[in-house]
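S.K.: Given next are the chains, with one letter for each unit.
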Amino acid sequence: MRDLLNLFWTFARIGCVTFGGGYAMLPILERELVDKRGWTTMDDLRDYFSIGQCTPGIIALNVSTFIGQKRRGVAGAIAATTGFLSGPIVIILIIAAFLKNFAQLEVVQHAFAGIRVCVCVLILQAVLRLWKKSVVDPFTLALYLIIFALNAFSGLLPVKLPAALLVVLAGCAGIAASTLKNRGKGADKK
Amino acid sequence: MTLLRLMYEFAKTGLFSVGGGLATLPFLYEISDKTGWFTHADIADMIAVSESTPGAIGINMSTYAGFTTAGILGGFLATLGLALPSVIIILIIAKFLEKFRDNRLVEGAFYGLRPASIAMITAAGLNVARVALVNIPAFQASGSLGDLFIWKALILGIAIFIGQRKLKWHPVVFIAISAAVGILFKF
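Taken in sequence, the protein lines are chains A and B.
Position one of the first sequence corresponds to residue 1 (the numbering used here), numbered consecutively onward.
Position one of the second sequence corresponds to residue 1 (the numbering used here), numbered consecutively onward.
Keep in mind the hints are simulated off the structure, nothing from the lab.
All C-beta atoms in this analysis are idealised placements derived from N, C-alpha and C, irrespective of residue type, glycine included.
It cannot be assumed that every hint is accurate.
To be verified - Using 25 Å as the maximum straight-line C-alpha spacing, the simulated BS3-like pairs for lysine-lysine come out as follows: (1) B/Lys99 x A/Lys133; (2) B/Lys34 x A/Lys160; (3) A/Lys100 x B/Lys99; (4) A/Lys132 x B/Lys34.
Said to hold, decoys possible - Covered stretches of chain B, going by a simulated chain A footprint (3 or more residues, C-beta under 8 Å): (5) 102-112; (6) 128-136; (7) 140-147.
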């Protein structure tokens, strides 16, 4: 029980000091889990991140589940994950309640109109950052363009394709394309 | 009933958004279109709030969306819904970690999923831009191209883009600056 509480508490603290999630969490996890507590190694941590990135859901959450599971099985996984969630939930609820009461104020509306411009830029930066790793050859470029067109001009289509369907189709297309590519390579060697 | 639907919609988001954070965006737009729980402008505000508070963006977005839709309980259930599928999947994967990492099929799937994910994020970004940078009703009313763009917003956007590249400050700083500019120049 003490171990579980410890897991919950440790991840609650980590959740409260990570901004932005994802890789922003790596240095904090390294300090708290590798250096201070010796719960895991840096190599393991990197593995968790690379797997957390390619499984559904939020990366930071996936990493918490992994480490909790490794320490104390299923109960540990739940303790670490709920711990990680607890701080942000409380903070966001307070902010959301605040915004709900003040959103109609003119000052707040002007502020958010300005902030929305910044959000556009942040999204653009994220896309540029991910672009190099994701769009690497003609196939991935074509896939990018098709999925983008389907989303951006969905209003012109007779039926709106659900995002979940697009994700599944893209995964299948990826498997098909990489299998063909590997087969091609194998034939070359022979 | 709304609460169950909230959990279901966010569980779906958690299950299909791969790559974390902004990958949840296309699903949020879908939820907005389907249910009307929140508007496209709300989503842009959620991104800003999430970027400026601790915690992963996807989680913050679900809490915020859940709260705007169904109060505190809604906030909890939406977040729980988002987390549930990935917790279950990780618990299963943790058992055969090595095999999963080197699996050809998994690698292949990601070869396709990565470009698809950023394509959807780009489209979502365009949706935010439609709220923040252009004024379509004014353009339709006057028909002149000068009315299409909200010029001061465009200038601010370019300034932030250059600023971020050169200065590498934390996004929160730029969000705070944009809020101040928005108030000063009455965006």
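S.K.: For every hint, state whether the structure bears it out.
M.R.: Results for each hint:
Restraint check: the Cα-Cα separation between B/Lys99 and A/Lys133 comes to about 23 Å, which is no more than 25 Å; the hinted pair holds. This hinted pair checks out: B/Lys34 and A/Lys160 have alpha carbons roughly 11 Å apart, not beyond 25 Å. Under the criterion of a C-alpha separation no larger than 25 Å, the hint pairing A/Lys100 with B/Lys99 is inconsistent with the structure, at around 48 Å. Of the supplied pair hints, the one linking A/Lys132 and B/Lys34 is violated, its CA atoms being roughly 33 Å apart against a limit of 25 Å.
By the rule of at least three residues with a Cβ nearer than 8 Å to a Cβ of chain A, the coverage given for the stretch 102-112 of chain B holds, with 9 such residues. With 5 residues having a Cβ less than 8 Å from any Cβ of chain A, the stretch 128-136 of chain B passes the three-residue criterion, so the hint holds. Proximity of the stretch 140-147 of chain B to chain A, defined as three or more residues with a beta carbon under 8 Å from a beta carbon of that chain, is not established by the 0 residues found.
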